[in-house]
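Peer 1: Chain by chain, the residues run as shown.
There are 2 protein chains.
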Amino acid sequence: IAKEVAKLLEMKAQLGGDEGKHKFVLKTPKGTRDYSPKQMAIRERVFNAIITCFKRHGAEVIDTPVFELKETLTGKYGEDSKLIYDLKDQGGELLSLRYDLTVPFARYLAMNKITNIKRYHIAKVYRRDNPAMTRGRYREFYQCDFDIAGQFDPMIPDAECLKIVHEILSDLQLGDFLIKVNDRRILDGVFAVCGVPDSKFRTICSSVDKLDKMPWEEVRSEMVGEKGLSPEAADRIGEYVQLHGGLELIEQLLQDPKLSQNKLAKEGLGDMKLLFEYLTLFGITGKVSFDLSLARGLDYYTGVIFEAVLLQQEKDHVEESVSVGSVAGGGRYDGLVGMFDPKGRKVPCVGVSIGIERIFSILEQRVEASEEKIRTTETQVLVASAQKKLLEERLKLIAELWDAGIKAEVLYKKNPKLLNQLQYCEETGIPLVAIVGEQELKDGVVKLRDVATREEVSVRRESLVEEIRMRTSR
Amino acid sequence: IAKEVAKLLEMKAQLGGDEGKHKFVLKTPKGTRDYSPKQMAIRERVFNAIITCFKRHGAEVIDTPVFELKETLTGKYGEDSKLIYDLKDQGGELLSLRYDLTVPFARYLAMNKITNIKRYHIAKVYRRDNPAMTRGRYREFYQCDFDIAGQFDPMIPDAECLKIVHEILSDLQLGDFLIKVNDRRILDGVFAVCGVPDSKFRTICSSVDKLDKMPWEEVRSEMVGEKGLSPEAADRIGEYVQLHGGLELIEQLLQDPKLSQNKLAKEGLGDMKLLFEYLTLFGITGKVSFDLSLARGLDYYTGVIFEAVLLQQEKDHVEESVSVGSVAGGGRYDGLVGMFDPKGRKVPCVGVSIGIERIFSILEQRVEASEEKIRTTETQVLVASAQKKLLEERLKLIAELWDAGIKAEVLYKKNPKLLNQLQYCEETGIPLVAIVGEQELKDGVVKLRDVATREEVSVRRESLVEEIRMRTSR
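Chain order of the listed sequences is R and A. Each residue of the first sequence is one higher than the one before, counting from -12 in the numbering used here. Each residue of the second sequence is one higher than the one before, counting from -12 in the numbering used here.
Looking at chain R on its own, in the form it has when it is part of the complex (with noise of 0.2 Å):
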């Protein structure tokens, strides 16, 4: 029905308004959006956390094209490929829209015959989803990963990206979260010992990948009804996906009579006991639980898996309207790079991805509800004059301020009223402003005013600059 209705309201914006002089439709396409300069400095916030936490891990940064060579996404998506943008053949290659940056940094990786990198990205990528912009879900949208490719000890690059996704959902002050951990070896060695056949590992790890939307029994009836699979090892499923816990479930596990036969499982069980070991050297495995039901969606996958979730503040009813869920998301991939290399030469990888949308949503709301005021510029002073005919003067004045590296702004009137600039100052936050009048030209000086106090002082010209600085480096 939603598809529906957004169908029609698109159908109705193309009939265009009343004026019938200009067709088209002014919007933008659909689930995107603009960034207004507000809306900007909270992005900017956001990136910043991030870029720190990131910088912070001794990563480097690299970048790649907005679109690839159509065939370097095809079969790594799975069923998500129906997803991808594609552009239109206008002669030459074909190309597509990234879809994530993970693919693209295996591709780069194997381009470039890197084996051992620790790298960040943050650029948009583009997916043909049903949008639901007030939740935060759109057609473009930041992706920031960090990854690290290269031979390594088991895990430690692993347990790196937990406590990554851990300081930066803390720095943010989103509200209480949890990181779910599980591993693909370990849910392919649940398929295996529960009678699940090899042919249907992958549809049936999809449906458990919707366990967090949907109760068990929906999943379960999926699994028998469309997917074809026997009731009991449904059930035998069913007994495991619902687990969830810390070490003491790692060693339960581990002592199952049946999954402790399975060479996989058993594997993904000892990495996973290790990665404890090294969440809690960290601190961080109060927020961290092992959860089998935790699936994800790409096919890349081959070890650690991980997705980070805001948890529901009950008492914070600010935030009742903006829907909670995945921010964060992972895990380990070492056979992509293999994908692209000609002689199929392996390097693992691990990595994780902050999704900014949900979070730039929350804490937009937050902004909005808080009526904090946000600057949009970083002007520290305003050049007027009291009088008229002076713009010679203003313009004189702040190129001298600006060569100095002061940020400054004049109005753009050649004899703006006194009221008009100290307007603009309180609207925009400016906090100071230098004014020129006849006397203070005679007498070398400027009237150097503070907007919040209406405090005026006579600073003599050559210092103005140094003032300045002093005043606003606070």
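It is possible that some hints are incorrect.
Note that identical chains are pooled: a pair holds if it fits in a single copy or bridges any two copies.
For lysine-lysine, the following DSS-like pairs were computed, each having C-alpha atoms within a straight-line distance of at most 30 Å [as the list claims (entries may be wrong)]:
#	residue 1	residue 2
1	330	100
2	383	111
3	187	429
4	57	404
5	57	69
6	330	429
7	25	75
8	375	17
9	333	401
10	100	404
11	330	25
12	383	200
13	383	42
14	245	214
15	404	383
16	429	214
Calculated from the structure, these hints are not laboratory results.
For this one, chain R is given, so just place chain A on it according to the hints.
Peer 2: Chain A only, in chain R's frame:
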């Protein structure tokens, strides 16, 4: 020929390497590239200089989607429209990748009914042009745009745009440069008084635009031969478009018996005079030239136009292989927002676009030549151990450092050799090593080593963070 060679190379590339197994080509799309960490470090420097300048002038920042409705871009770029990338019709809206940031900006203003803003926008734009990547010409490239929209007294914002170009090019120390300035109204006036029929204004303007790449004789023969202009008219144009100078040229043309009779030209010349007066106050006329051959390609300009070029440095042989050319351009476009407004309400705009790809090429070559070592991470300290079996202690210590905001790394090995750990620091430029060993753990200290001087001191564990901060704050 270059086109054909490129085509053949592409076909050859598509035939693949010698491995038959993986048939796809491992490359980025034609005309695009990845940025390595080292290239990103240089790119960040350039962005930093540009953003600092934009903020110094009190600009807000916005962002828009990478694609627009196809019809949003239609009819804005004249002959260049054929270079627009379209998306494939996969059902839903018809979309195109943005061709510049100016049209999306105008769409943003009209859509949000904004009549007054000073904003910058730094983002990638897309043109299906013939790439010349060694000369910094790409199909995906960054534009750094600063625009002032609003009804203001004449030429004050226009002068500020030129001041910004001057500040940025000076800051980046790219060598000598020249900012050419003209006005579309003056050009149109010239065409009128030279006897060009109205219907040929635009196409003759395109011919004039080629004067920076072709001698006048060739341009003249294009006008007469291809475009059917009378030889007399062409010769009359030739006399004007070869003029360039400063205030004195403006005064001379204001006295020109024919041109001074043309309303448009007179307006343009009057404004040009005012512009030069403001540029004199800004102290930048030394690098600005009123140049009647400057035409600019885009359709939407209505008044002042300008373009900054780097001047060849004869002495500096290092940069010989980098072709110099236009690195910034812009102008006034008072009609563009009105094209999007249902009621055709105009919002006068003037703006400048800095093209960083050429600048980046020059700086990259300069770095290569100087063998300057560029750090690609900001890591302050490597947490290391001198003996085996200390992974847990290293992880505990590094978590303490991360939580205190220290940028720290650890090798992802259980038992790395101390030599390897020190070598890693030398290679990546990490200045400090915090070494834990059995004895240090007993004594409650950490050995802090300065990588450059090889000096080692014992620091009490509780003072370690402070000590690292102090040593890396210089």
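Peer 1: Checked against the structure, which of the hints given earlier come out wrong?
Peer 2: Hint check: 2, 3, 4, 6, 7, 8, 12 and 16 fail, others pass.
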